[in-house]
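Colleague: Using full-length UniProt numbering, you'd call the opening residue of the sequence shown number 1 and step up by one each time.
Source of the hints: derived by calculation from the structure; they are not laboratory data.
C-beta atoms are modelled at their ideal positions from N, C-alpha and C, and glycine is treated no differently.
Treat the hints with care, since some could be wrong.
Said to hold, decoys possible - List time: in silico DSBU-like cross-link candidates among lysine-lysine, alpha-carbon distance up to 35 Å:
hint, residue 1, residue 2
1, Lys-332, Lys-429
2, Lys-898, Lys-731
3, Lys-410, Lys-429
4, Lys-429, Lys-855
5, Lys-568, Lys-855
6, Lys-116, Lys-278
7, Lys-534, Lys-364
8, Lys-116, Lys-42
9, Lys-105, Lys-278
10, Lys-332, Lys-855
11, Lys-534, Lys-429
12, Lys-105, Lys-42
13, Lys-895, Lys-579
14, Lys-246, Lys-165
15, Lys-364, Lys-410
16, Lys-534, Lys-410
17, Lys-165, Lys-105
18, Lys-198, Lys-105
19, Lys-831, Lys-731
20, Lys-831, Lys-898
21, Lys-257, Lys-198
22, Lys-246, Lys-278
23, Lys-568, Lys-105
24, Lys-332, Lys-278
25, Lys-895, Lys-410
What the hints assert, rightly or not - So the derived label-pair ranges between C-beta atoms look like this:
hint, residue 1, residue 2, range
26, Val-906, Gly-618, 41 to 51 Å
27, Ile-161, Glu-284, 27 to 37 Å
28, Glu-608, Pro-511, 27 to 37 Å
29, Arg-189, Asn-139, 14 to 24 Å
30, Ala-162, Glu-284, 34 to 44 Å
31, Asn-139, Glu-284, 27 to 37 Å
32, Leu-334, Lys-895, 54 to 64 Å
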Amino acid sequence: MGSLHIEDNGYNADVERIRHEEYPMLQDSIYLDHAGTTPYPKSLMDRFAYEMTTNLFGNPHSASASSQLSTNRIQDIRLRALQFFNADPNDFDLVFVANATAGIKLVADAMRCLPKGFHYAYHQASHTSLVGVREEATNSLCLDDQQMEDWLSGSCPFNNIADEKPVLFAYPGQSNMDGRRFPLSWSSRVRQSSSQRKIYTLLDAAALVSSSPLDLSDSTTAPDFTVLSFYKIFGFPDLGALIVRKDSAQDVFSSRKYFGGGTVDMVVCLKEQWHAPKDGFLHERLEDGTLPIHSIIALDVAMDVHQRLYGSMARVAGHTGFLARRLYRGLKGLRHANGERVCEVYSPDPEAEETGPTVAFNIKDSHGTWISLAEVEKLATLKGIHIRTGGVCNPGGIASALGLQPWEMKQNFRSGFRCGTDNDIMGGKPTGVVRASLGAMSTIADVDAFVQFVEEFYRETAVPTPISPSPETAKSTRDVPRLVLKSITVYPIKSCAGFPVPAGVDWEVRPEGLAWDREWCLIHRGSGQALSQKRYPRMALLRPTLDFNSGQLIITYAGSDLPSDTPKSISVPLSKNPKMFVSNKSGMGMASRVCGEEITAQTYVSEEINGFFSAVLGVSCVLARFPPGGQGKSQRHAKAHLQKHQQQQPQSSHPPLLVPVCNKKPTNPTNPTKPATMPGAFPSFDAEVEVGMSEVMAEVETPPSPPDSDTERSVTKEEEAAQAQGPKPRKILLSNESPILAITTTSVDALNQAIASTSPFPEPVSEAVFRANLIFAPSPSTSTSCTSPSSPSPTSTTTTPPPSPPEPTTLKPYQEDTWSSLHIVNGGTQKHGFQMLGSCRRCHMVCTDQSTGVKVKSGEPFVTLSKTRRFEGKVFFGVHMGLVDDDKDCGEAGKVVKVRVGDLVVPRV
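Could you put the whole structure together from the sequences, leaning on the hints where they help?
Modeller: Below, the structure is given as structure tokens:
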């Protein structure tokens, strides 16, 4: 690179110049997950490819010329890696391992083999891989800062145990959660704190060395064991190291029992069991089997390229330190219109204490309601932003930062919380954090773009105003509109295209949903996970046809990129002939998961059928069926539910409502003093009310929201008693949450208006992207409050509905959020009752164009939904519903329920 342009604040301006040439994969991306791994430069890969194509590297355990070349290069690279950390080879040895975790496990295995075992202590900010060592110890303790100070002052936490077992103390050089750094002097101070027993120290340097120099020049104060991952520094290769202080090696590793190829000088197997470990360098005894030769060669290249591009690690530290301060100030400075902070930042202030280039935080709305981590990551993904959310493999740090007690974490687990699930707000608290981490090739533009992203989507620029509705506006929320059933769509194969029910055809509705809806799915052969458009958007091009005359489900691929030997369509019998499925007795069945839930599905044996789907999607998968009537893991239950505020209220009682505000337009263009209502809000009121800030916060407890369809929900004792005597849980097949999903055309129109108001070249959103079973529309004789036409759905069918009564009520956008139930009058005579089960929580799957199977680059409609339809940190659109178990208003129970396009729909608030 030549002379680096390092500014006075530490910022390396040359990074902006090399980004395009060295990191083409970062084009149109904002990469802020360097704590996970950092991107690798193009010149590194080019140099490595040259090394591989111009040299012949053999197995170092042989004596050939190619083998000796490998041996010599590995010896040189091992020495160079030690020098990278200022570690004298006379005092330290470096053992190549897969990653930092493998190094930790190597130490843990050796400690476990000690004749007396060992005690273990670790700092609460430790990575999960350090925490796991406790399972090998006789006793273990998790220490906070105060307990560490007590130990360093001479009070060893194991002094009350009457034995001489050694102690292993482990801690991170830098927290992988919030970037906080811990004193490297702890290693020597802990070793000197007790004369009663031997104490060893283990430093997890993986997060620290990614952006900061590590100096091991003083062996007397250095940790006994240091673990790290090179890919966090250079991006490539996938390789780690265990650096061992030689003074400690003999004591710990002499009792190690396992040995592998290349670590012994002699092994006797016949008649006697004896072996002689290698007695030269420590790494010779610990590197079991053949080393990852090519990865080690790549490490040599990586160090060369890194030095050429960035100079020293000290310069990287200055560069990332400047960016960390800018990011911290940017997020910390964001405030809502009412003065409340947008971000709750957990990382230390980099101006006040030493910290790494990592900022951990959560987002709140102006009322202090937490924003879902999953929703933040979904939206960030659409905007090309790469961050990490969740527990980030740091259980102690997360619990400490979020104030989660052990009983709360166990309760969350019992309530269904798992790592990676969308239910990340439990009991009113977040279960993880948003983590943005910076690296050597990060720029000011990356930081500013991310802060702007948080501001655009999560900072409220006007205060939601509490309003007690007038009699007129209160009446408008309970008026019943006259609707028709515009279209009916069933989705036989989960996440594939829908089958539009033709006009004039009565379609059966069952307790688990529409007949034939989501009865099949495609399952990944390796993981058993049901495939979805989130990862395989081309599933939208698999178009099904239910042919009852031939008794076949015909699936046609609408794309044009099939291999020449793959047919355009395949037929699957609708019958349940057992010969079509893998027999459970054969032991060939696979465990399957749908929406994180383990199920037992019937997988097809036909290679013709399975091969068709595998060829279309480019992934090895099998077709599976989940027919009604199953038991145990062959049945599923709905998760959707209504929140308490949506239950039917007495008409004389109206709780205060909030008018949410739009982040993009803080004021009404026709009246600058009046807050602009959020386009997706319902109900909305035109009344102007002047209320002081203190009165706002005192009067309103939580903003209004549609019913939450998540599984985590607090239940009162009265509700528990009612549930115990109430109906059984609703059965579903392979739908995500409920038997039936419905939307209204006026809500789609309102959404398109919101998109058009912020986009210079808006593309109308099709109703099809929401994959609803039922689409309701105002009766043609009524007028609606939204006049822009919605984009026609490719699965919609237009019919002439029955006449409407005079002066019907108009259907307002999002009015479906307030319905408690509805009736559909089939053929004008048969009335069928349906219960509303809650609003549908949305993800970025709605950004897949259902006609092309391609994700929309603009991120619409999810981007606009995130601004206009976010309630309590989650994004909603559409409503879940299901048959009323025993509707006395609809005649005899147990009758066959059918609906058709054009049927009259009568909602109830």
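Colleague: Any hints this thing doesn't respect? Which numbers, in order?
Modeller: 8, 23, 24, 25
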